[in-house]
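Visitor: Read off the chains here:
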Amino acid sequence: MSLDLTPTAPLLSATGEARRQIEICNACRYCEGFCSVFPAMTRQKAFADGDLTQLANLCHNCRGCYYACQYTAPHEFALNIPAALAEVRVESWERLARPQALARLFQSHGVAMAGLLVAALAGFFWALAALKPLAGAGFYAHLAHNTLVAIFVPAFLLPLALIALSLRAYWREVGGGRVRLAHLLQAMDSAARMKNLSGGHGEGCNFEKGDRFSDRRRLFHQLMMYGFLLCFAATASGTVMHYAFGWEAPYPLFSLPKLLGVPGGAMMLAGAAGLALLKLRADPALGARRVWGGEMAFILLLGFVALTGLALYAATGTGAVGPLLAVHLAAVMVLFLLMPFSKMVHGFFRLAALVAEAGKPAPVGGAE
Amino acid sequence: MTDWPQTSWPETFDLAVVGGGNAALCAAITAAEAGASVLVLEGAPKPYRGGNSRHTRNFRCMHRAPMDPLVGSYEEDEYFHDLMLVTKGKTDEGLARMAIRSSEECLPWMKAHGVRFQPSLSGTLSLGRTNAFFLGGGKALVNAYYNTAQDLGVKVAYEAQVTHVHLDGDRITHLQAEIAGKPVTVQARAFVLASGGFQADIDWLARAWGPSARNFLIRGTPYNRGVVLRDMLDQGAESVGDPTQCHAVAIDGRAPKYDGGIVTRLDCVPFSIVLNQKGERFYDEGEDVWPKRYAIWGRLVAAQPDQVGYALIDAKSIDLFMPSVFPPVKADTIEELAAKMGLDPQAVRRTVDGFNAACRPGKFHPTELDGLRTEGLDIAKTNWARPLDTAPFYGYQLRPGVTFTYLGLKVDARAQVHGPGGPIRNLWAAGEIMAGSILGQGYLAGFGMTIGTVFGRIAGKEAAAHVA
Ligand SMILES: Cc1cc2nc3c(=O)[nH]c(=O)nc-3n(C[C@H](O)[C@H](O)[C@H](O)COP(=O)(O)OP(=O)(O)OC[C@H]3O[C@@H](n4cnc5c(N)ncnc54)[C@H](O)[C@@H]3O)c2cc1C
Ligand code: SF4
Ligand code: SF4
Numbered sequence: 001m002s003l004d005l006t007p008t009a010p011l012l013s014a015t016g017e018a019r020r021q022i023e024i025c026n027a028c029r030y031c032e033g034f035c036s037v038f039p040a041m042t043r044q045k046a047f048a049d050g051d052l053t054q055l056a057n058l059c060h061n062c063r064g065c066y067y068a069c070q071y072t073a074p075h076e077f078a079l080n081i082p083a084a085l086a087e088v089r090v091e092s093w094e095r096l097a098r099p100q101a102l103a104r105l106f107q108s109h110g111v112a113m114a115g116l117l118v119a120a121l122a123g124f125f126w127a128l129a130a131l132k133p134l135a136g137a138g139f140y141a142h143l144a145h146n147t148l149v150a151i152f153v154p155a156f157l158l159p160l161a162l163i164a165l166s167l168r169a170y171w172r173e174v175g176g177g178r179v180r181l182a183h184l185l186q187a188m189d190s191a192a193r194m195k196n197l198s199g200g201h202g203e204g205c206n207f208e209k210g211d212r213f214s215d216r217r218r219l220f221h222q223l224m225m226y227g228f229l230l231c232f233a234a235t236a237s238g239t240v241m242h243y244a245f246g247w248e249a250p251y252p253l254f255s256l257p258k259l260l261g262v263p264g265g266a267m268m269l270a271g272a273a274g275l276a277l278l279k280l281r282a283d284p285a286l287g288a289r290r291v292w293g294g295e296m297a298f299i300l301l302l303g304f305v306a307l308t309g310l311a312l313y314a315a316t317g318t319g320a321v322g323p324l325l326a327v328h329l330a331a332v333m334v335l336f337l338l339m340p341f342s343k344m345v346h347g348f349f350r351l352a353a354l355v356a357e358a359g360k361p362a363p364v365g366g367a368e
Numbered sequence: 369m370t371d372w373p374q375t376s377w378p379e380t381f382d383l384a385v386v387g388g389g390n391a392a393l394c395a396a397i398t399a400a401e402a403g404a405s406v407l408v409l410e411g412a413p414k415p416y417r418g419g420n421s422r423h424t425r426n427f428r429c430m431h432r433a434p435m436d437p438l439v440g441s442y443e444e445d446e447y448f449h450d451l452m453l454v455t456k457g458k459t460d461e462g463l464a465r466m467a468i469r470s471s472e473e474c475l476p477w478m479k480a481h482g483v484r485f486q487p488s489l490s491g492t493l494s495l496g497r498t499n500a501f502f503l504g505g506g507k508a509l510v511n512a513y514y515n516t517a518q519d520l521g522v523k524v525a526y527e528a529q530v531t532h533v534h535l536d537g538d539r540i541t542h543l544q545a546e547i548a549g550k551p552v553t554v555q556a557r558a559f560v561l562a563s564g565g566f567q568a569d570i571d572w573l574a575r576a577w578g579p580s581a582r583n584f585l586i587r588g589t590p591y592n593r594g595v596v597l598r599d600m601l602d603q604g605a606e607s608v609g610d611p612t613q614c615h616a617v618a619i620d621g622r623a624p625k626y627d628g629g630i631v632t633r634l635d636c637v638p639f640s641i642v643l644n645q646k647g648e649r650f651y652d653e654g655e656d657v658w659p660k661r662y663a664i665w666g667r668l669v670a671a672q673p674d675q676v677g678y679a680l681i682d683a684k685s686i687d688l689f690m691p692s693v694f695p696p697v698k699a700d701t702i703e704e705l706a707a708k709m710g711l712d713p714q715a716v717r718r719t720v721d722g723f724n725a726a727c728r729p730g731k732f733h734p735t736e737l738d739g740l741r742t743e744g745l746d747i748a749k750t751n752w753a754r755p756l757d758t759a760p761f762y763g764y765q766l767r768p769g770v771t772f773t774y775l776g777l778k779v780d781a782r783a784q785v786h787g788p789g790g791p792i793r794n795l796w797a798a799g800e801i802m803a804g805s806i807l808g809q810g811y812l813a814g815f816g817m818t819i820g821t822v823f824g825r826i827a828g829k830e831a832a833a834h835v836a
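Protein chains in written order, with the working numbering: chain A, 1 to 368; chain B, 369 to 836.
It is worth saying that the hints were derived from the structure and are not from the lab.
Just so you know, even glycine gets a beta-carbon here, dropped at the ideal spot from N, CA and C.
Certain hints may be false.
[Said to hold, decoys possible] Using 16 Å as the maximum straight-line C-alpha spacing, the simulated EDC-like pairs for lysine to aspartate or glutamate come out as follows:
1) Lys829(B) x Asp757(B)
2) Lys45(A) x Asp635(B)
3) Lys625(B) x Glu208(A)
4) Lys414(B) x Asp211(A)
5) Lys209(A) x Asp519(B)
6) Lys45(A) x Asp780(B)
7) Lys660(B) x Glu736(B)
[Unchecked claim] If we take Cβ atoms under 10 Å as the criterion, some of the chain B residues that face chain A in the derived model are:
8) Pro415
9) Phe502
10) Leu509
11) Arg622
12) Pro624
13) Gly629
14) Ala725
15) Pro729
[Stated by the list, open to error] Label-pair ranges, simulated between beta-carbon atoms:
16) Pro74(A) x Glu461(B): 39 to 45 Å
17) Arg98(A) x Phe732(B): 50 to 56 Å
18) Ala78(A) x Glu461(B): 43 to 49 Å
19) Pro99(A) x Glu736(B): 41 to 47 Å
20) Ala182(A) x Asp610(B): 54 to 60 Å
21) Ala169(A) x Lys646(B): 19 to 25 Å
22) Ser13(A) x Pro590(B): 27 to 33 Å
23) Glu443(B) x Arg180(A): 42 to 48 Å
24) Arg212(A) x Arg497(B): 30 to 36 Å
25) Glu736(B) x Leu277(A): 53 to 59 Å
26) Pro74(A) x Lys708(B): 50 to 56 Å
27) Phe732(B) x Gln44(A): 21 to 27 Å
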């Protein structure tokens, strides 16, 4: 790679700023042990826009490299890697999303998310009133199973298709190579353990406690992620039971959907409460300020989905099932629809970044 | 711990520590663990706390067997031998060996007090045996120590510049300080001085070195101005180390005047030719592998007109060294490069032509002494001599960057400071302020932090025992 560092007209100013900062890091490298961003950066001397997109998506804003940096403001180098990479990261999600305008809207505006939720609520209340089936038990008494499927399958698959398009664009931008199973497994392993949030020493990150380490963010994020996956598995198992065995909801407590869904919901709820609290405590100047509101709204939305889901279960057999069902379905619907346009998309990009990283050659050292 | 500049304390502290870098914190933590009440007076504001220690990345550690993260073994005699090589014998053997032996127990102590280590950096594998690298560098180390100190009840005053250490007979009675600009008297029963060197006082450097020192860049904190050292010397404290010398390396000439730290270093010299303002070479760029020559180039550049040098590289060699933080000047011809760097294109052309004609074919090997040398030049390049013939050409400006000063307080093996009438009974010193006792000349990578940790711990222990 040539050493022409005259910046190629940057795509976006955030990328230009990140490039300036990363070049300083690359001459320093003190933070090499914190996470996968630093070893990845040592691979080159000059950073193309795609390189920065990749580095940004490897970073998860643990802030270790901010508190450890001797060049943070008031030093004239004014380093703030967590914020610089957060800006690039959010911009990459917006730029690579289809359609971009929706991403711009929902990434940063919690109000827009709330607005969509209200609209979905209205829609479901209307559906409950207008499409009330003649027969059916439990919540199928309120909305027929087929109606539910007709609404949710497209609401789930369409966003996933859009995300797939985004990831393809991402892969092109960062120059990802052939995907091998080993790379996938390696990436999955990192993600499953959230290895990079352990701070390189296993004591956690610097998210909410300044220059002290804390494992809370990792803990709450794990609760959220695995809670979400459990709930997802609950729904999937319910679908299988419905179609394969003709066993329809409502399910008793000792059934797969409930055994997975109730703890899953509780974990999501705890995770959301914890993550929201940490977000309030953390210094907003070390993240992408612009999207703080959107990110917070997204956490609350996840919590709301879990809460209404649990409430729906608790209300079994009572008159509250109808309205609660509308509320829960509306929340789930919004969550699904916003997958490509909200913080939710970070999971997909991050996994892609880890896979791309696993496929790149090992970093080389300088000649010191 | 108070983060804001508190200026008065109800209690008389057992120990007042002057400075807020590695040596100061090791002393404060050790004394607090022994039960002493401790006040740390850090001259810098909080964002700049930690002196030069926050710019460091490793310390040099003796070990008889592999000791995480260090591989192999690095025994006392080899360590001492390395020290003798760089200091050319200017060291106090007893103190030096004591420091070396103690370094072994520093590593577990540091871990127990919050410092985290990492496998050696990708660019520095050769140091994986002798030097343990701090995860996140020196600022992370400093943060860990401040947190540990806070948990032990140590009080910290920032923007607390000590101006006078009052010596009365064989005791220190009190300190005078300015805390956030307000004059304050600090009472304590024992005192540790750990306020670093004096490299940030350019006037002092200029008096010692000559006016050319005004063109030097200071690689570390602007807060180490040697005020306390000067005050102690004025009161007759015993000193050690050459007052006219400082350790300077050649760094990127565009570095900030202070605090540029590690990213301004330039490793390009072995693969370049280095010219002065007249466009002439002045020293063998290929004398030895870079880590061994790193230290002498500061001095060499300092001796050139206006204390500046110009390293020229061609496209063949540009990827052979760690990047500096500033991009090199780039041009398609030697003349154009010279003009862009403010040099006389004709003079540079002549030098490059002469050099190129003196290069001989042979096998180039960037990582070892390859013996590829010029023939017939007054100043030969004795390794890695390849003609500068492949465009584009690149140039870096070099200036001396000061890392370390040698003049300091003489201490004994208990870190005690001596006045005109013998040991001062309640005064100890640690870190760069006393390092001249051991590092009389030259510099051994990672030894500054070793000295601070070893003597900081000794000073803290002795001070706590004194007040117990
Ligand atoms: C860029 C750079 C990189 C380095 N890398 C390494 C390395 O990797 N390994 C290594 O071993 N060494 C390294 N060194 C050398 C090392 O930094 C020093 O040897 C070491 O930090 C000295 O520690 P100290 O505690 O004595 O002084 P410092 O850490 O400099 O602390 C001095 C403290 O005293 C305070 N102070 C000064 N005057 C006053 C006053 N009047 N009143 C109150 N407070 C005052 C300062 O604010 C500061 O907090 C490096 C130096 C530089 C410049
Ligand atoms: S964040 Fe600061 S300390 Fe860390 S690698 Fe970058 S410049 Fe160095
Ligand atoms: S914030 Fe954390 S994850 Fe991001 S680059 Fe810094 S150390 Fe790595």
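Visitor: Does each hint fit the structure? Answer for all of them.
Guide: Evaluation of the provided hints:
Distance restraint check for Lys829(B) and Asp757(B): the Cα-Cα separation of roughly 61 Å exceeds the 16 Å cut-off, and the hinted pair is therefore not satisfied. For the suggested pair Lys45(A) and Asp635(B), the alpha carbons sit about 14 Å apart, so the restraint of at most 16 Å is met. About 34 Å separates the Cα atoms of Lys625(B) and Glu208(A), which puts this hinted pair outside 16 Å; it is violated. Annotation: proposed proximity of Lys414(B) to Asp211(A) holds, straight-line Cα distance about 13 Å (limit 16 Å).
In summary, the hint linking Lys209(A) to Asp519(B) is supported, as the alpha carbons are separated by about 15 Å, within the 16 Å threshold. Proximity of Lys45(A) to Asp780(B) is assessed by CA-CA distance (about 48 Å); at most 16 Å being required, the pair is judged violated. Of the pairs offered as hints, the one joining Lys660(B) and Glu736(B) holds, with about 12 Å between alpha carbons and a cut-off of 16 Å not exceeded. Against a cut-off of 10 Å between C-beta atoms, the interface hint on Pro415(B) holds, since the closest Cβ of chain A lies about 6 Å away.
With a cut of 10 Å, the hint placing Phe502(B) at the interface with chain A holds, because the nearest CB-to-CB distance is about 8 Å. Restraint check, Leu509(B) versus chain A: the minimum CB separation of about 9 Å is within 10 Å; hint holds. Because the smallest distance between the Cβ of Arg622(B) and any Cβ of chain A comes to about 12 Å, over 10 Å, the interface hint for this residue is violated. With a cut of 10 Å, the hint placing Pro624(B) at the interface with chain A holds, because the nearest CB-to-CB distance is about 6 Å.
Satisfaction of the interface hint for Gly629(B) is found here, the shortest Cβ-Cβ separation to chain A being roughly 6 Å, below the 10 Å cut-off. Residue-level restraint check for Ala725(B) is violated (minimum Cβ-Cβ distance to chain A is 27 Å; threshold 10 Å). At its closest, the beta carbon of Pro729(B) sits 23 Å from a beta carbon of chain A; the interface hint therefore is violated under the 10 Å criterion. Checked against the hint of 39 to 45 Å, the pair Pro74(A) and Glu461(B) passes, with Cβ atoms roughly 43 Å apart.
Look at Arg98(A) against Phe732(B): about 51 Å separates their beta carbons, and that is inside 50 to 56 Å. The beta-carbon spacing between Ala78(A) and Glu461(B), approximately 46 Å, falls within the hinted interval of 43 to 49 Å. As the Cβ distance of Pro99(A) to Glu736(B) is approximately 57 Å, the hint placing it in 41 to 47 Å is violated. Between Ala182(A) and Asp610(B) the beta carbons are some 58 Å apart, a value that agrees with the proposed interval 54 to 60 Å.
In this structure the supplied range 19 to 25 Å is violated for Ala169(A) paired with Lys646(B), their Cβ-Cβ distance being about 55 Å. Distance hint for Ser13(A) and Pro590(B): a CB-CB separation of about 31 Å, consistent with the stated range 27 to 33 Å. Remark: the range hint 42 to 48 Å for Glu443(B) to Arg180(A) is upheld by a beta-carbon distance near 45 Å. Here the CB-CB span from Arg212(A) to Arg497(B) is close to 32 Å, well matched to the stated 30 to 36 Å.
At about 56 Å, the CB distance of Glu736(B) to Leu277(A) agrees with the hint of 53 to 59 Å. For the pair Pro74(A) and Lys708(B), the beta carbons lie near 32 Å from each other, so the given range of 50 to 56 Å is not met. Between Phe732(B) and Gln44(A) the beta carbon distance is about 23 Å. The supplied range of 21 to 27 Å therefore holds.
In summary, the structure is inconsistent with hints 1, 3, 6, 11, 14, 15, 19, 21, 26 from the numbered list given earlier, while agreeing with the others.
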